[in-house]
Amino acid sequence: MRNIRVTLLVAALCCEASGQTAPGQAPHVEGVVVDSLTGVPLPRVRVTLKDLAAAVTEQYGAQSTEEGKFSVDGVKPGSYSVVGQRVGYVMPRVKVTVKVDDKPSSVQLQLVPVGGISGRITDSDGEPVEHASVTAEGLTRRESTTDEKGHFRLGGLAPGKYRIKASHASQFYRLYFILPEIRSDGRREVYNATTYYPSALSSSTRDWWR
Amino acid sequence: MRSLALLFLLCGCLSAQPASFAGTVVDAIAQRPLAGAHITLTGVVPFGNPIPTYGATSGEDGHFSIPKLAPAVYSLSAQRNGFVYIQEDHQEPLERRIALRAGDAITDRTVEMAPSAVITGRVVDAYGDPVENAYVRATRVGGNSPISIVEDRMFSPTDERGEFRIVGAPGEFYVSATKQPGRVALREIRTDGSEIPVYGETWHPEAESRAKAVVVEAVAGRETTGIDIRLVRKKSLHISGVVTGTPDGSARAQVFLHTKSLGMPPATADADGRFTFSGLAPDEYQLTARYEAGALELMSRTVEVRLEVAEDHSVNLELAAGEGVSGNVEMEGTAQGLKVRLDALTQMQGVEMKGGEVDRTGNFNITPVYPGRFRVRVDTMPENAYIRTVRVDGEAVADTAIDFTRGVKGAKLKITVGVNGGSVEGLVSSEDGKPACCAMVVLAEKAEYVNDHMKAVKAGEKYRFTGLRPGKYRLIVSGPAQEFGTQTAETLFSKAPEIEVHEGDRITRDVTFKPRGSASEKH
Chain A
1 MRNIRVTLLV AALCCEASGQ TAPGQAPHVE GVVVDSLTGV PLPRVRVTLK
51 DLAAAVTEQY GAQSTEEGKF SVDGVKPGSY SVVGQRVGYV MPRVKVTVKV
101 DDKPSSVQLQ LVPVGGISGR ITDSDGEPVE HASVTAEGLT RRESTTDEKG
151 HFRLGGLAPG KYRIKASHAS QFYRLYFILP EIRSDGRREV YNATTYYPSA
201 LSSSTRDWWR
Chain B
1001 MRSLALLFLL CGCLSAQPAS FAGTVVDAIA QRPLAGAHIT LTGVVPFGNP
1051 IPTYGATSGE DGHFSIPKLA PAVYSLSAQR NGFVYIQEDH QEPLERRIAL
1101 RAGDAITDRT VEMAPSAVIT GRVVDAYGDP VENAYVRATR VGGNSPISIV
1151 EDRMFSPTDE RGEFRIVGAP GEFYVSATKQ PGRVALREIR TDGSEIPVYG
1201 ETWHPEAESR AKAVVVEAVA GRETTGIDIR LVRKKSLHIS GVVTGTPDGS
1251 ARAQVFLHTK SLGMPPATAD ADGRFTFSGL APDEYQLTAR YEAGALELMS
1301 RTVEVRLEVA EDHSVNLELA AGEGVSGNVE MEGTAQGLKV RLDALTQMQG
1351 VEMKGGEVDR TGNFNITPVY PGRFRVRVDT MPENAYIRTV RVDGEAVADT
1401 AIDFTRGVKG AKLKITVGVN GGSVEGLVSS EDGKPACCAM VVLAEKAEYV
1451 NDHMKAVKAG EKYRFTGLRP GKYRLIVSGP AQEFGTQTAE TLFSKAPEIE
1501 VHEGDRITRD VTFKPRGSAS EKH
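First to last, the sequence lines map onto chains A and B.
Heads up: the first sequence at position 167 corresponds to 167 in this note's numbering, and the numbers run straight through without jumps.
Heads up: the second sequence at position 295 corresponds to 1295 in this note's numbering, and the numbers run straight through without jumps.
Just so you know, the hints here were simulated from the structure itself, not pulled from any lab data.
Some clues are possibly wrong.
Restricting the straight-line Cα-Cα distance to at most 27 Å, the calculated cross-link-like pairs of lysine-lysine (DSS-like) are [unchecked claim]:
#1 B/K1446 to B/K1458
#2 A/K69 to B/K1339
#3 B/K1458 to A/K69
#4 A/K50 to B/K1235
#5 B/K1339 to B/K1446
#6 B/K1446 to B/K1414
#7 B/K1434 to B/K1354
#8 A/K50 to B/K1412
Sample of chain A residues facing chain B (criterion: CB under 8 Å; computed from the structure) [stated by the list, open to error]:
#9 V40
#10 R44
#11 G61
#12 G74
#13 E130
#14 S133
#15 E148
#16 Y162
C-beta: ideal position from N, C-alpha, C; glycine also.
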């Protein structure tokens, strides 16, 4: 009788359940992937198991079925970092220990749907600013650029609190280094300072999310 | 090395009389002057000597003026909310520069802008799931190279909804998407029959080639929506193999894999030297193994693998210690004090070779030399001297290029230096007969050897190449260059006039620089 035991050490996202492994099989890891909000099984999730031991040269992979199920046969006993990846979702890596044991287990992976933040960047005259660089700072960092109406959208954000800042046209939209401009036509080039939502020049409690 | 040589051109006219630059910004679609456009002239920065940026804003009549600016080579850009700067159809990015000489007064430059044209859509996979971080690009119909600076930037990544938004110039475009595969420098074992998704470049709506693509019209001031792309799935392939010659011990060999355009993190071979890369799209790959432990460094030759269909390749990468190369230099007079150098033609991972100094008897040694292809160079030769022949174990090689991909294996080099090479020199003038301010002159036997003889000339300065090996060359005259890529080199080379150089020839060839890039001779 060769069975395995799968223990999830990051408890919040996982739970242990029971299943039966057929006698004589090599260690086998299986499970189901669900949406953490709706509980609906998620198809076509890429699940990877990476050995936590140093200098690994291989990992295990699987893709969830239409019913959200996945399985990997022939897993060597050891500690694995497991993650499910699907567009529009995030999931922190969890640790799974695979042992040769007589208590079989299966894994439930909960994928968290991402959110988005959108808005509009205007200058001090209320005019839209095009090509402004907008950044969400928080659990993850995302950057976007405003369109000609000043609109932006920052997608793919893990649920949490973010600070939003807008900066002067990103260098990307200028051909070369930004150098002080020499002007003699009486007009001044306007530089908009980096501004935090809604209209602050600094983030008063910097790094508050740490 | 030969793919991209960065060249910086110094204009010798900084402290001279100022130039001026003025003109009108127009809306090219409405055919009306455009107010409030921000014009900048940015100096193309010569190394360590920045030229300032000048700016102006167009008035109600569209007019702008920069009355005083240092003579130099500039890049012009124009910005205004909701508009894009339309450039002339210059094939070579180098030729989009504006060269201003001392006293030049440009009064009527027309700067064309058009209301931005927007293309939006979604990139999805075969199941209709959105694809994030796909790279979507619009390419103008009827041309391989982008024709305006704006179009260089007509691309967008997709977000987690698979949505993209490209802002650019109006016109007809092909819209294509590529998705970097989720490939890993690890062997990924799957037992459920699935594979890592790999996608080929796909053109709107679902075409594997541009020829089958549906053309998208981008209209000035409008948004063309629903330009969806369904990515075409490709077979997901592995490359696996074994590294041999790894010494005993805990250190492992690293395997580097790259395509022509992409590298990726190296794979670490296991204790038996085995390695696998998973999730690869069909392409041509190059693999090199490297081992480092303390002072010991071993490397394999670079193996090329062409992945087409399902098969996996068994690649054998044999580690070898760097070998010594010895040889002899023969020339009239003494060769002592010269230095022989081997320039790698294949990708080498940061290897520094030592030695090469030629002694009294003409002998030299270079070490370590790892498997690869090289060109032989001899430094600081007397004027007019050139490498006449290079022999490996008595066998003459072409273009001084030697093939050590199987290792040096004790091969001996024999380098013969001729002391009476040819020379070519001359003046470069503009089409108006004045000395051209800032041009790049190149004399090359082959397009891939454009770096051999290259000279940046200032106004009124002569170009001069000496120590030329007898043979047929092309004389290329190009604009003020910042980049001289492989493709540019090939195009310019094919258009350039030929010059035959014989032993001891002293050739004078004055040339006219035409903005199209090729040289024409003066008679």
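Hint by hint, here is what the structure shows:
1. Between B/K1446 and B/K1458 the CA atoms are separated by roughly 25 Å; this keeps the pair inside 27 Å, and the hint holds.
2. For the suggested pair A/K69 and B/K1339, the alpha carbons sit about 66 Å apart, so the restraint of at most 27 Å is broken.
3. Pair hint B/K1458 plus A/K69 does not hold up; C-alpha atoms about 70 Å apart against a cutoff of 27 Å.
4. For the suggested pair A/K50 and B/K1235, the alpha carbons sit about 23 Å apart, so the restraint of at most 27 Å is met.
5. Taking the CA atoms of B/K1339 and B/K1446, the gap is near 25 Å; set against the 27 Å cutoff, the hint holds.
6. Simply put, B/K1446 and B/K1414 have alpha-carbon atoms about 24 Å apart, close enough for the 27 Å limit, and the pair holds.
7. Taking the CA atoms of B/K1434 and B/K1354, the gap is near 47 Å; set against the 27 Å cutoff, the hint is violated.
8. Between A/K50 and B/K1412 the alpha-carbon distance is near 49 Å, which puts this suggested pair outside the 27 Å criterion.
9. Evaluation of the A/V40 hint against chain B yields a violated restraint, the C-beta minimum of about 15 Å exceeding 8 Å.
10. Below 8 Å, beta-carbon pairs count as interface contacts, and A/R44 has one with chain B at about 6 Å; its hint therefore holds.
11. Residue-level restraint check for A/G61 holds (minimum Cβ-Cβ distance to chain B is 4 Å; threshold 8 Å).
12. Restraint check, A/G74 versus chain B: the minimum CB separation of about 6 Å is within 8 Å; hint holds.
13. A distance limit of 8 Å between C-beta atoms decides the matter here; for A/E130 the minimum to chain B is near 5 Å, and the interface restraint holds.
14. A cut of 8 Å between beta carbons decides the hint on A/S133: the least distance to chain B is about 14 Å, and the hint is violated.
15. Hint status for A/E148: holds, given a least beta-carbon distance of 4 Å to chain B, under 8 Å.
16. Taking 8 Å as the C-beta contact cut-off toward chain B, the hint placing A/Y162 at the interface is violated, the least distance being around 15 Å.
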